[in-house]
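Enquirer: Below, each chain spelled out in residue letters.
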Amino acid sequence: MKAFAVAVIAAISLGVLAMFALNSSQKLAYQAFATSGARVSEPGTNLVGPRWNGAPRPDEFESEPHGKAEGEASNPKRS
Amino acid sequence: MRRAVTFLKTFLLAAMLVAGPTALAPALAQNPIQADGVNPMGARPTADSVNEEFLFKQSDKIQGRISIPDQKAANLIQPQGREYRNFRESWLPWIGGLVILGMIAALGAFFLFRGRIMMEHSQESGKKILRFNAFERFTHWMTATCFIILSLSGLNYIFGKRLLMPLIGPDAFGALAQWAKYSHIYLAWPFMLGVAFMFVLWIKDNIPNKIDIAWLKAGGGLIGKGHPHAARFNAGQKGVFWMVAGFGAAMSVTGLMMIFPFALTDINGMQLMQVVHSVIGIVFIAGILAHIYIGSLGMEGAYDAMGSGKVDLAWARAHHDLWVEQEQARTASGPQLKGHPAPAE
Amino acid sequence: MARMKFLCDADRCIECNACVTACKNEHEVPWGINRRRVVTLNDGKPGERSVSMACMHCTDAPCAAVCPVNCFYTTADAVVLHSKDICIGCGYCFYACPFGAPQYPRVGNFGSRGKMDKCTYCSGGPEADFSTAEYEKYGSNRLAEGKLPLCAEMCSTKALLAGDGEMIAEIYKQRVIKRGYGSGAWGWKTAYRETVAI
Numbered sequence: 300m301k302a303f304a305v306a307v308i309a310a311i312s313l314g315v316l317a318m319f320a321l322n323s324s325q326k327l328a329y330q331a332f333a334t335s336g337a338r339v340s341e342p343g344t345n346l347v348g349p350r351w352n353g354a355p356r357p358d359e360f361e362s363e364p365h366g367k368a369e370g371e372a373s374n375p376k377r378s
Numbered sequence: 122m123r124r125a126v127t128f129l130k131t132f133l134l135a136a137m138l139v140a141g142p143t144a145l146a147p148a149l150a151q152n153p154i155q156a157d158g159v160n161p162m163g164a165r166p167t168a169d170s171v172n173e174e175f176l177f178k179q180s181d182k183i184q185g186r187i188s189i190p191d192q193k194a195a196n197l198i199q200p201q202g203r204e205y206r207n208f209r210e211s212w213l214p215w216i217g218g219l220v221i222l223g224m225i226a227a228l229g230a231f232f233l234f235r236g237r238i239m240m241e242h243s244q245e246s247g248k249k250i251l252r253f254n255a256f257e258r259f260t261h262w263m264t265a266t267c268f269i270i271l272s273l274s275g276l277n278y279i280f281g282k283r284l285l286m287p288l289i290g291p292d293a294f295g296a297l298a299q300w301a302k303y304s305h306i307y308l309a310w311p312f313m314l315g316v317a318f319m320f321v322l323w324i325k326d327n328i329p330n331k332i333d334i335a336w337l338k339a340g341g342g343l344i345g346k347g348h349p350h351a352a353r354f355n356a357g358q359k360g361v362f363w364m365v366a367g368f369g370a371a372m373s374v375t376g377l378m379m380i381f382p383f384a385l386t387d388i389n390g391m392q393l394m395q396v397v398h399s400v401i402g403i404v405f406i407a408g409i410l411a412h413i414y415i416g417s418l419g420m421e422g423a424y425d426a427m428g429s430g431k432v433d434l435a436w437a438r439a440h441h442d443l444w445v446e447q448e449q450a451r452t453a454s455g456p457q458l459k460g461h462p463a464p465a466e
Numbered sequence: 361m362a363r364m365k366f367l368c369d370a371d372r373c374i375e376c377n378a379c380v381t382a383c384k385n386e387h388e389v390p391w392g393i394n395r396r397r398v399v400t401l402n403d404g405k406p407g408e409r410s411v412s413m414a415c416m417h418c419t420d421a422p423c424a425a426v427c428p429v430n431c432f433y434t435t436a437d438a439v440v441l442h443s444k445d446i447c448i449g450c451g452y453c454f455y456a457c458p459f460g461a462p463q464y465p466r467v468g469n470f471g472s473r474g475k476m477d478k479c480t481y482c483s484g485g486p487e488a489d490f491s492t493a494e495y496e497k498y499g500s501n502r503l504a505e506g507k508l509p510l511c512a513e514m515c516s517t518k519a520l521l522a523g524d525g526e527m528i529a530e531i532y533k534q535r536v537i538k539r540g541y542g543s544g545a546w547g548w549k550t551a552y553r554e555t556v557a558i
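Protein chains in written order, with my numbering: chain A, 300 to 378; chain B, 122 to 466; chain C, 361 to 558.
No wet-lab data here; the hints were simulated from the structure.
Ideal Cβ positions, reconstructed from N, Cα and C, are used throughout, including at glycine.
Each hint should be verified, as a subset may be incorrect.
To be verified - Capping the alpha-carbon separation at 27 Å, the derived lysine-lysine pairs in DSS-like fashion look like this:
no. : chain 1 : residue 1 : chain 2 : residue 2
1   : C       : 549       : B       : 182
2   : C       : 549       : B       : 178
3   : A       : 301       : B       : 431
4   : C       : 533       : B       : 178
5   : C       : 533       : B       : 182
Unchecked claim - According to the in silico footprint, chain C covers these stretches of chain A (three or more CB under 8 Å from chain C):
no. : segment
6   : 304-313
7   : 330-336
Take these sequences, add in the hints, and give me the full structure.
Expert: Here it is in structure tokens:
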């Protein structure tokens, strides 16, 4: 039983170790696909940047996000 | 003399250069298609363009030049995705379902037919002998727990959306699948380490030999009566060992290729890796189900080998007689461990 | 109900990459993610052609079929969209996609490559139209505004056509008849199991 418990703990800790090792070698697309001709800054809160949850940041996009036409869409998605 | 020849050559060349276009001009003017943009070579650069049909005849996918540094993007059309999709959606669920449920049904039938293989008691019952030391048990259980998580999260890629998603809803299933994916990727590493450890630990006892043939002929004590001779591992256990080693290696290689996508292969290679990984994974799961059955429910006394590490001497004598003799000869003092704790001195 | 499609007239495409730039700007797609790209075939040889390619919004889309979490859905306009909340970034859609449309924000390893991103036909995602959440995850929703995808709208040579499949096929057909040649509707056979008959 002790061997089993140690094994489970070892598996989890090795898994966590693997997570850190793999994530440290992880490259963002903007780093991987930039050449010397382009200096790409941190894309920050771009559409599909590192922030994934999609929850709006309180300080950002108070109003319409993109200078959209005012008013209701007459026929959304034309469904 | 030489000078005269050189002069003549130069003169001829000059004459040709002057006369050439003039001589060709009427011929070009007579060509009716020339007005439509035919160049003097006869090609029609606007109309004679490449087309899909022609490119598919040359190669099974259409590739071009791309100005972005992502080489994967240079693939314009790869219809092989369709075959991959056909395998994954039409074949894989059936292969997976039939193989795994078939194995469970076979084990159930075996249990009904043979029942639990009971321990045969002898005068040695109650005494214990160490079968697997702490490190062996640790390695086994590390690999085993990883395997169970890996197989469940792996099956989730195939069956999750069919079985689990209708039950718990898409959002909960999405979160669960995300965690399943993390566990699949990260627990693969202790699993690979465990397989490597087990390979090194047990290979010396798993080289197939003549005893195994006799064991197999006698039905291995599963089907027939009585127990054929066996050393530390019988032919069935050796089969499990080599299955874990072989499939473990195959799963590791294909899995690593998928963890680092496109590092070594192109898109068709990735599709192939996926197919190989899933098919071997399913057979692997079915094989391990049989291993779990015989190591727990199927045979009395077998679980102790991995549970506490110490098995009943009567059991060991019946199932692994040659190994018991070897162990006792090595320690020269009978069973290493007494059934009862030694009285305090 | 319209059946939205893309058609790239390779005989008109001049590989200016304006469609790529327009897409990136409209949706604020970060560097390294290409919802649309231009591939040049037979580069430097006679008969060279460039094709602008993005998600073709296939009929019976392979990406949707292989997705292990069923995050794809098809809108009434036959646009293939996906939910980034459900997506687990496994990358199977990339293996199944004939056009290499799915993109991932991280490339190193499979474990944490992030949510897939692809062309939405400028029609957002499952969130409410024009909501901040939709814009942040999928970009702007031009279709709901009654506009067609920006890549096709601003194509300088009108090589890239977007709109109802039958209408753009008709436009292409007339062009081919008028000029006497055409290299075909690239990818249509693979995406829609049909091509433009001329």
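Enquirer: If you look at each residue in the segment 330-336 of chain A, do at least three have a Cβ nearer than 8 Å to any Cβ of chain C?
Expert: holds (count 4)
Enquirer: Are residue 549 of chain C and residue 182 of chain B close enough, with their CA atoms no more than 27 Å apart?
Expert: Given that 27 Å is the threshold and the Cα spacing comes to 13 Å, the pair holds.
Enquirer: With the threshold set at 27 Å, check whether the alpha-carbon distance from residue 533 of chain C to residue 178 of chain B stays at or below it.
Expert: 24 Å, holds
Enquirer: With the threshold set at 27 Å, check whether the alpha-carbon distance from residue 549 of chain C to residue 178 of chain B stays at or below it.
Expert: Holds, at about 15 Å.
Enquirer: Within the assertion that chain C covers the segment 304-313 of chain A, do at least three residues meet a Cβ-to-Cβ distance smaller than 8 Å?
Expert: violated (count 0)
Enquirer: Is it true that the CA of residue 301 of chain A sits at most 27 Å from the CA of residue 431 of chain B?
Expert: 13 Å, holds
Enquirer: Going straight from one Cα to the other, do residue 533 of chain C and residue 182 of chain B come out at no more than 27 Å?
Expert: The hint holds at about 26 Å.
Checked against the numbered hints above, the structure violates only hint 6.
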